[in-house]
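Next come the chains, spelled out residue by residue.
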Amino acid sequence: MKKSLLALALLGAFAGVAQAQSAVVIYGNVDAGMIKRTDQSLAIGKRANNTLGFKGTEDLGNGLSAIFQLEIRYEPDTGTTESAVRPLFQGQSRVGLSGGFGTLRIGRGLTAFQESAVAFEPFHGIPSPAGFATDLAVGGYTSEPLAPAGNSINRFSNALWYNSPEFLGIQINTTIASKEALGNTVAIPGRGINGGPQYLINAPASANPYSISATWKNGPGALMLAAERNAIESQVKSVAGYVMVNPDTKLMFSITRQDQSHTKVTDQDTKSWLVGANYTMGAGKFLAGYGQKDADGAAKVKQASVGYEYSLSKRTYVYTDFSNKKGAPAIAPSTKTSINHLDLGINHSF
Amino acid sequence: MKKSLLALALLGAFAGVAQAQSAVVIYGNVDAGMIKRTDQSLAIGKRANNTLGFKGTEDLGNGLSAIFQLEIRYEPDTGTTESAVRPLFQGQSRVGLSGGFGTLRIGRGLTAFQESAVAFEPFHGIPSPAGFATDLAVGGYTSEPLAPAGNSINRFSNALWYNSPEFLGIQINTTIASKEALGNTVAIPGRGINGGPQYLINAPASANPYSISATWKNGPGALMLAAERNAIESQVKSVAGYVMVNPDTKLMFSITRQDQSHTKVTDQDTKSWLVGANYTMGAGKFLAGYGQKDADGAAKVKQASVGYEYSLSKRTYVYTDFSNKKGAPAIAPSTKTSINHLDLGINHSF
Amino acid sequence: MKKSLLALALLGAFAGVAQAQSAVVIYGNVDAGMIKRTDQSLAIGKRANNTLGFKGTEDLGNGLSAIFQLEIRYEPDTGTTESAVRPLFQGQSRVGLSGGFGTLRIGRGLTAFQESAVAFEPFHGIPSPAGFATDLAVGGYTSEPLAPAGNSINRFSNALWYNSPEFLGIQINTTIASKEALGNTVAIPGRGINGGPQYLINAPASANPYSISATWKNGPGALMLAAERNAIESQVKSVAGYVMVNPDTKLMFSITRQDQSHTKVTDQDTKSWLVGANYTMGAGKFLAGYGQKDADGAAKVKQASVGYEYSLSKRTYVYTDFSNKKGAPAIAPSTKTSINHLDLGINHSF
Chain G
35 MKKSLLALAL
45 LGAFAGVAQA
55 QSAVVIYGNV
65 DAGMIKRTDQ
75 SLAIGKRANN
85 TLGFKGTEDL
95 GNGLSAIFQL
105 EIRYEPDTGT
115 TESAVRPLFQ
125 GQSRVGLSGG
135 FGTLRIGRGL
145 TAFQESAVAF
155 EPFHGIPSPA
165 GFATDLAVGG
175 YTSEPLAPAG
185 NSINRFSNAL
195 WYNSPEFLGI
205 QINTTIASKE
215 ALGNTVAIPG
225 RGINGGPQYL
235 INAPASANPY
245 SISATWKNGP
255 GALMLAAERN
265 AIESQVKSVA
275 GYVMVNPDTK
285 LMFSITRQDQ
295 SHTKVTDQDT
305 KSWLVGANYT
315 MGAGKFLAGY
325 GQKDADGAAK
335 VKQASVGYEY
345 SLSKRTYVYT
355 DFSNKKGAPA
365 IAPSTKTSIN
375 HLDLGINHSF
Chain C
35 MKKSLLALAL
45 LGAFAGVAQA
55 QSAVVIYGNV
65 DAGMIKRTDQ
75 SLAIGKRANN
85 TLGFKGTEDL
95 GNGLSAIFQL
105 EIRYEPDTGT
115 TESAVRPLFQ
125 GQSRVGLSGG
135 FGTLRIGRGL
145 TAFQESAVAF
155 EPFHGIPSPA
165 GFATDLAVGG
175 YTSEPLAPAG
185 NSINRFSNAL
195 WYNSPEFLGI
205 QINTTIASKE
215 ALGNTVAIPG
225 RGINGGPQYL
235 INAPASANPY
245 SISATWKNGP
255 GALMLAAERN
265 AIESQVKSVA
275 GYVMVNPDTK
285 LMFSITRQDQ
295 SHTKVTDQDT
305 KSWLVGANYT
315 MGAGKFLAGY
325 GQKDADGAAK
335 VKQASVGYEY
345 SLSKRTYVYT
355 DFSNKKGAPA
365 IAPSTKTSIN
375 HLDLGINHSF
Chain E
35 MKKSLLALAL
45 LGAFAGVAQA
55 QSAVVIYGNV
65 DAGMIKRTDQ
75 SLAIGKRANN
85 TLGFKGTEDL
95 GNGLSAIFQL
105 EIRYEPDTGT
115 TESAVRPLFQ
125 GQSRVGLSGG
135 FGTLRIGRGL
145 TAFQESAVAF
155 EPFHGIPSPA
165 GFATDLAVGG
175 YTSEPLAPAG
185 NSINRFSNAL
195 WYNSPEFLGI
205 QINTTIASKE
215 ALGNTVAIPG
225 RGINGGPQYL
235 INAPASANPY
245 SISATWKNGP
255 GALMLAAERN
265 AIESQVKSVA
275 GYVMVNPDTK
285 LMFSITRQDQ
295 SHTKVTDQDT
305 KSWLVGANYT
315 MGAGKFLAGY
325 GQKDADGAAK
335 VKQASVGYEY
345 SLSKRTYVYT
355 DFSNKKGAPA
365 IAPSTKTSIN
375 HLDLGINHSF
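Residue numbers (this note's numbering), protein chains in the order written: chain G, 35 to 384; chain C, 35 to 384; chain E, 35 to 384.
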């Protein structure tokens, strides 16, 4: 059937060109362990994000490359994608060009700020309550508040990314999103009233969301300055840094402030800070962090976490963490607001 | 654990045979760009279908092969599958045998008519409003009307495909589906009444849906004759042709008529036609088309589209299109029925 | 961008180690055919489970390996995942370590009992009504009753697996699950009342579910003893065996008893048994089985099935089955409780 018309219709349906040999890299990781939290029964769950991804690079000549990346997120304890409202390719879905000018991508993924902040968080961005990535490292900020509840809080959909090349150790990263509605299912009164809310159901953004980060690497140290505005015009600013005091020891900090004055009349500001350390000893790596989040009108949140990762190979490690968080919302039916978290598990990359 | 009973149970669970080495080809494409439509804000979206597929061929000897293909469809701007009601393998999910007798497949995919029509549409079947594939090229016809709203309109589920070998340039393609219900969630009154609709919720087909196309290739030209009947017995007939007037220039046309007399008392017929051209100049390719659709009792639809694709490599191209469609349903809150469409994006195959 | 801070953040987000070359095996199978059942129209459907999986093994040295397996389940006739309430990786999602001590895994998959029972069922565990796997081979037992209706009935979520090495032909397999709730959407009165049901909506397990099987291989024969308790404390016990009377002929039996006394006041017991045979002749394989299920207070179920698989290669076979089941619940609108099942299809592994 190779030369038939239908075969042409089927196989040549992209600009009339023959399909070159496939160049897809499949990658991912599986992370699962046992978790015990205050007033909860022993659970099986994850510590890091679980990914199954497909990516590729095509050399276009003249230093230019086409790149793409599609990343499934899932939960190994139940076999599901991350949640019913999260997309199949929750990790990212982007395509673009990379070259001397930098990298330009289009699609959906972590914002420039959220991507850059990972390097300054002592638990390398894991979503576990033992880490700081989704709360204290970003001042409690949400990048996509007009998506349905439970969707991603650190990504932009419908967006363009530009990452500059590194020049004198400096790199500029920007993300800008369209105003397209993302299906929020409850109205947000904000500065409006319940009968005339500030953001209706399935509201579009009131301004184009953007995110920008600048990072500066200098010898053993690095600094980040970042700012972001989301679809409801909450703003976040962050400064962070790290220093490798020796090849085995990394110290880091971040300071973040969120401004919700566009949707709040009172209690507009949230401030957070954290300090952290990583210490590598043979196949083991110690992680430690402490931070606070102070939201106007709410109890101060204090989190202290320690972790240990032991590498069985370059692709597999076992881990354990202990963390305490005070001032966080209680998890019903418990009324405790000081929550201990203990975990023990395995992480395998492929 | 290789020789244990459980390992046998786990690994040998298909006809007791050892699993030969995997022979899966991963393929797909990512297409994303910026889109501006009349009275809509600038959006990020797709022009072509986005695919991530798995396929393979096994040589069975004597010229016979086993073939399979599973194709995920997704939206890179949001990371989701095509829509909540579309299946994971929206592209296709088929398995079968191929040999001197032709190709026989079972599963779900484009119907014989819809598959064949792609070669006679100037925008090679893209679902973008800049193309003609899902409307004027098929007379506004829907292949699967008893699936939930938003599902595929050009596929059969639960079907058998037979594609003949090419003989004297002629190929016959047929698809026939079972009558199984597909979960339509609203009743279709049709020639019935609201209290006694012609098709109930989750109705089975009233006759086996079928589709047939015959294509004839002769030197630089090709012709197609096609007919299809769907689950509610709407019928469509189409004749189409193209000629390569020189190696760089393809001219094409199609004429299609839909007959909905099985479910409509009046306004039963829809007629459409289109003419198109492709012109390749170096790495660039110009696409152009014009067509009309005249449905009884509705305003005449007129669409004119031009496009340009510039190949950066055999697998990557950038594109831009401009299209105007008159007489189409207005997209609320706009009331305009003359809609301009402008896009600019990138398509990368892997 | 290789050396930039962001690239580090993106690519090194797992314990700071470089990603080794990918070592993923993609595997799966596609099974589709035509099915005719009593009082139902001819349908397209499956006989065996349809899978698309990703798995890998990493040698950690000293005889230790890291292993993972992620397995999508889908329906080729409609392109969907198995059902709306089943997870993407319905087949399994597990990660663990394998070595001289045995195999230890964490995640979701078939229970030890359900995995082991496949070797003693004459239709090698297919979910088709022609087989016995999900009903008579397990005494009508359900491993996960607190998941939403339609979800898996032979798996544990949130569980740990341990498979011992084989010693003197004996292997011990165990699974133990956490008590985590799995989202049952209707309350189960059980020994409670409707106003105070025994298991509420989204109830956690009342005891840790566990499953254990012991298998003994000795020359041409094998025996299995198994016991399991699910989240609502229904218990199942099973004994099964097979013998290869010659290299082409396998005879097998199983006897199973389910005890639902934890949730039922009367009609607590279900007993089932089956006998089966497989006979290989050249490229063909005959399958046959007969069994009965006797649940207290319900009509006795009797099932007789014959099947034939003809291998076109090591990876592809065609099949046909005929089965009759008496005493099963009628499938509306039919009121018949003696249901014939006839199928004809193809199975291709990759």
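Rather than coming from a laboratory, the hints here were simulated on the basis of the structure. Where hints are given, some of them may not hold.
Each pair may be met inside one copy or between any two copies, as identical chains are not told apart.
As the list claims (entries may be wrong) - Taking lysine-lysine and the DSSO-like style, the derived pairs with C-alpha atoms no more than 30 angstroms apart in a straight line are:
| hint | residue 1 | residue 2 |
| --- | --- | --- |
| 1 | LYS370 | LYS360 |
| 2 | LYS370 | LYS298 |
| 3 | LYS70 | LYS89 |
| 4 | LYS89 | LYS334 |
| 5 | LYS370 | LYS213 |
| 6 | LYS336 | LYS360 |
| 7 | LYS348 | LYS89 |
| 8 | LYS305 | LYS348 |
| 9 | LYS70 | LYS213 |
| 10 | LYS360 | LYS348 |
| 11 | LYS251 | LYS89 |
| 12 | LYS334 | LYS348 |
Structure-based check of each hint:
Proximity of LYS370 to LYS360 under the C-alpha cut-off of 30 angstroms is restricted to the intra-copy arrangement: shortest distance 9 angstroms within a copy versus 56 angstroms between copies. Taking CA atoms no more than 30 angstroms apart as the test, LYS370 paired with LYS298 passes inside one copy only; the shortest distance there is 28 angstroms, against 37 angstroms between copies. In this assembly of identical chains, the alpha carbons of LYS70 and LYS89 lie at most 30 angstroms apart only when taken from different copies (29 angstroms versus 35 angstroms within one copy). For a Cα distance limit of 30 angstroms, the shortest separation of LYS89 from LYS334 qualifies neither inside one copy, at 42 angstroms, nor across copies, at 45 angstroms.
Proximity of LYS370 to LYS213 under the C-alpha cut-off of 30 angstroms is restricted to the inter-copy arrangement: shortest distance 21 angstroms between copies versus 40 angstroms within a copy. Taking the closest pair of Cα atoms, LYS336 and LYS360 come within 30 angstroms of each other only inside a single copy of the chain (5 angstroms); across copies the shortest separation is 61 angstroms, beyond that limit. In this homomeric assembly, LYS348 and LYS89 come within 30 angstroms of each other (Cα to Cα) both inside a single copy, at 21 angstroms, and across copies, at 18 angstroms. Taking identical chains as interchangeable, the C-alpha atoms of LYS305 and LYS348 are never at most 30 angstroms apart, the minima being 37 angstroms within one chain and 51 angstroms between chains.
Taking CA atoms no more than 30 angstroms apart as the test, LYS70 paired with LYS213 passes between copies only; the shortest distance there is 12 angstroms, against 41 angstroms inside one copy. In this assembly of identical chains, the alpha carbons of LYS360 and LYS348 never lie at most 30 angstroms apart, being 35 angstroms within a copy and 57 angstroms across copies at closest. Proximity of LYS251 to LYS89 under the C-alpha cut-off of 30 angstroms is restricted to the intra-copy arrangement: shortest distance 27 angstroms within a copy versus 38 angstroms between copies. Taking the shortest Cα distances, LYS334 and LYS348 never come within 30 angstroms of each other, neither inside one copy (39 angstroms) nor across copies (57 angstroms).
Checked against the numbered hints above, the structure breaks hints 4, 8, 10, 12 and satisfies the rest.
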